[in-house]
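Undergrad: What follows is the residue order along each chain.
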Amino acid sequence: MKADRFRGRLTALMLGGLGVIGIGVGHASMPDSGSTPPVKLNTTADHARFKELQREFKSGPEVTKACLICHTEAARQVHRTKHWTWEFVNPDTGQRLGKKTLVNNYCVSIRANYPFCTACHVGYGWQDKDFDFTSEQNVDCLVCHDTTGDYRKQPGLSGHPAYEEREIPKGSGNIVKPVDLRKVAQKVGKTSRDTCGACHFFGGGGDGVKHGDLDSSLSAPDKPLDVHMDATGADFTCATCHATSSHDIPGSRYTPTAMDKKGAMVRGQTDKRNPATCQSCHGVTPHKVQSRLNAHARKIACQTCHIPAMARGGVPTKMSWDWSTAGKRGPDGKPLVVKDEKGRVIYDAKKGDFVIAENVMPEYAWFNGHVTYTLVGDKLERTDGVIGINRIGGSPTDGKSRIWPFKVSRGAQPYDSVNMNLVTPHTAGDTPTAYWKHLDWAEAIETGMEDFGLPFSGKFDFVQTEMYWPLSHMVAPKEKAVGCAECHSRDGRLKDIKGVYLPRRDAAPWLDLLGWSAAALALLGVLLHGGLRIVRGWRE
Amino acid sequence: MTANRIYIFKRFERFWHWAQAALIMFLLLTGFEVHGSYRLFGFEKAVAYHTIAAWTLVGLWVFAIFWHLTTGEWKQYVPTMQKVDAMIRYYLTGIFSNAPHPFRVTTLKKHNPLQRLAYLGVMLFIGPLTWITGWFYIFYDQWADWGADGFLSLEWVAYLHTAAAFLMLVFLIVHVYLITAGHTPAAHLKAMITGWEEVQADEPAAAGIEQRGA
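Sequences listed follow chains C and P, in order.
Under numbering that gives the first Met the number 0, the first residue of the first sequence carries the number 0, and numbering increases by one thereafter.
Under numbering that gives the first Met the number 0, the first residue of the second sequence carries the number 0, and numbering increases by one thereafter.
If we strip away everything but chain C, and leave its shape as in the complex, we get (with noise of 0.2 angstroms):
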């Protein structure tokens, strides 16, 4: 798929050269034809032409100073999303969510790791808990606005990109170019897979590592990994289904639609739906040629059939992170990395050992759109079992429920065994206390848990975690759904979903019992029925 887009750049390269040579000759011979550009029919404004933007940039709020002479309401709105405060409180649970005090059993948290995580934050220098929500500047419209690819924040720089030659990570050898902003400002244009990929193919702190089916290969996906965005057909971006308006992007997954009853939206509907369901264009009854299955879309959620598997596309999702083992040091007294056949790191010292995984079969569950967190300074009832980091709502019987697939990524993280709660260590940054340094969990811990405003006993142990992820994407051609006999058997996927009867995987034991205790008495009757006759016939 690279190699496809690169040789469209190459294509677009070489037509661009034949057109100068084409303006060239029309020139001569035409002088009329003039020299106006092709009209662009995917907008309405050219930004190369725009005089704000026809000098250099020595930054990004500089960049996003000129965007707001004429889009002068843009920040304002991008202020009021989840994109710039990552925080959210749940209107169901009032629950406080959101990036900047949820725990995952990833990367763990934010908190004091700001310089690293933030460069996923749609503004600039948000270095420390005291960022200045307020300002306008420091939105960053490129990140989501860039069209050419070259617009790429820096993990350690607060959500800056490079301006100077760096070396990131320092000591790798890794040398990142400048970002030419004046270019990149002039092409501004709508957001796409890729740009939205940016952050979130990569959650989770690298490739398809977080959702399972949010990775790079949907960047130019074929039919077979998604049948919306299929880059030779349907060609969706994320905002096809996200529709936005006022930059606030619906469809989170803190709050997901796990039942829309509502069928297709059509124009001129005023209630504030998500655009994101499948609902909300298939409507709900989407099968016309076998119309069982539109029954069967009363208690199972499109995606439950719709995507056969996870991470398909080549780029494997991690499945576990055992934070418990980190801390290795090999022979040489580095610290240690291990690698599978595939030269997959598998065994990090600085975050223990992962499970990683391709085409995933999903696990399945009632859901209800229902979803608890366990927050940092939630009190651990117990911690022998396993820490749900979320719990999703759900059952056969509330009406609000469909069987709905997850990616459940498991693992151990550390937690205050004399406070009993979760805490937020230190992990990224060249600091005397950041775990990824000096790999020493107590002052990481300690650092990490300042930041928030928590206490930290100065005792940690670890604790086995999970944590429930909806899929919702690489949505599979019809022909690649799963079939009948995937569920409707004694062990298929559904085999642990209770509350409804299921053709093939259900049956009364006592009804089997007897009815073929019935059949085989009648047939044992008939044969000595019949073999006294014959013996009967033979002795006459």
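Quick caveat, the hints were computed from the structure, so don't treat them as lab data.
Accuracy of the hints is not assured; some may be wrong.
Claimed, not checked - Once the Cα atoms are required to be at most 27 angstroms apart in a straight line, the calculated DSS-like pairs of lysine-lysine come out as: (1) K39(C) - K182(C); (2) K287(C) - K44(P); (3) K57(C) - K182(C); (4) K44(P) - K298(C); (5) K176(C) - K57(C); (6) K44(P) - K497(C); (7) K479(C) - K44(P); (8) K44(P) - K494(C); (9) K477(C) - K44(P); (10) K57(C) - K222(C); (11) K169(C) - K349(C).
Fair warning: this is a prediction, and the values are worked out from it, not measured in the lab.
Take the given structure of chain C and dock chain P to it, following the hints.
TA: Using the frame of chain C, we list chain P on its own:
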């Protein structure tokens, strides 16, 4: 061998019987696969075949009911307890000692009293139980529109449908065996194939067995 022959099963009746026999056996075969008893066609195909066969059988029944009503043949299934005890005694003892069959077939009474009861049971109990539960099964996606999803459970519809299938299976086993229990072992089968039943009232019922043994 000259025999008195009576034409008891008319052409439509024979067609109905054999088509129904084939459909019921195919429905049992596909149905128990859907149920999970074995794997033969694969679940998806088994469901599709089962549904097609079921609707075909329903169509056949519509014709059969019409035929029985218009020809008056429905009277063949009016139950009677007369000679039921004699039939039971015959199957339990007489049949082993070459006693004469207690029932004489005529065009007005082509089924013996036990047959009447059994077939009536199939048509009034096993049949309707199968259709009704089967239709609820097929129209599962309409339950909400009918307002039936509140009190119907797929589980019990499936159980009753399965129970009906077991009853039909038991009937089938006994029925197939009792084909051999006519005046001669092949008499019933011949009658259902050709329509003609040989009536040789003065010959002992076991003659067929003796001939075959010879």
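Undergrad: Where does the structure disagree with the numbered hints, that is, which hint numbers, in rising order?
TA: Violated hint: only 10; rest satisfied.
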